[in-house]
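Asks: Sequence:
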Amino acid sequence: ADLILTHEEPHHHDVAVLAEISKSFCAMMRIGHPLAAHPVLSIHDCLGYPIVLAEADLAARALVDTALADSEITMGSATIKTKPVLITNMFEVMKHYVRLTDAVSFQFHLAGSARAPLDGVIAIPLADRQLASARLFLAARRGRILSSSAQAVAEALRAGLSGTDQA
2 ADLILTHEEP HHHDVAVLAE ISKSFCAMMR IGHPLAAHPV LSIHDCLGYP IVLAEADLAA
62 RALVDTALAD SEITMGSATI KTKPVLITNM FEVMKHYVRL TDAVSFQFHL AGSARAPLDG
122 VIAIPLADRQ LASARLFLAA RRGRILSSSA QAVAEALRAG LSGTDQA
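Under our numbering, the residues of the sequence shown are numbered 2 to 168, in order.
By construction, these hints were calculated from the structure, which means they are not laboratory data. All clues given are correct.
Here are the in silico distance ranges between beta carbons for each label pair: (1) Ser-149 <-> Leu-36: 39 to 49 angstroms; (2) Glu-93 <-> His-14: 29 to 39 angstroms; (3) Glu-10 <-> Ile-88: 23 to 33 angstroms; (4) Val-94 <-> Leu-36: 14 to 24 angstroms; (5) His-45 <-> Ile-146: 43 to 53 angstroms; (6) Ala-151 <-> Asp-58: 22 to 32 angstroms; (7) Ser-23 <-> Glu-93: 16 to 26 angstroms; (8) Leu-36 <-> Arg-145: 38 to 48 angstroms; (9) Leu-147 <-> Leu-36: 37 to 47 angstroms; (10) Leu-147 <-> Asp-58: 18 to 28 angstroms; (11) His-14 <-> Asp-58: 20 to 30 angstroms; (12) Val-86 <-> Ser-149: 34 to 44 angstroms.
Ideal Cβ placement from N, Cα and C applies to all residues, glycine included.
Kindly generate the complete structure, drawing on both the sequences and the hints.
Replies: Shown next as structure tokens:
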């Protein structure tokens with residue numbers, strides 16, 4: 002891969018950060034969801050509804066797991082009332098599932114205002130300490146000359162990230 006977009010700051014000596022932005026992690030749900038009217042939520046607010054999670058090896062899942070661990074709740078143990086109804090590595094699948102159900106997923110919302118509905122799904126910022134202050138990093142291999150198409154994508158991502166609101 003030529004480019005990386007992640008919430009984990011790349012510490013490898015072969016990786017150079019091209020851009021970074023503060024961006025809160027959001028609870029994603031259908032527009033008519035019972036929680037959709039709230040301006041901000043916590044992870045705990047969402048646990049009474051079906052939960053959709055990213056695969057355990059994805060960076061987005063690590064953010065959720067950290068927030069749950071700090072709250073003394075863990076996914077995969079008997080201490081949580083609800084097991085995830087869906088675990089996937091495809092964010093579009095997550096979005097589609099929550100659009101059709103009362104499920105909630107967790108991810109960064111990159112398109113415009115966090116409160117603006119997109120394709121029937123609304124993003125509500127999460128107030129949990131680890132999630133409200135998350136950062137996104139756009140990175141590439143250090144010293145690698147990006148192809149013109151990869152450079153164009155990097156510039157579009159950089160512009161898009163700086164153009165979104167900070168929530």
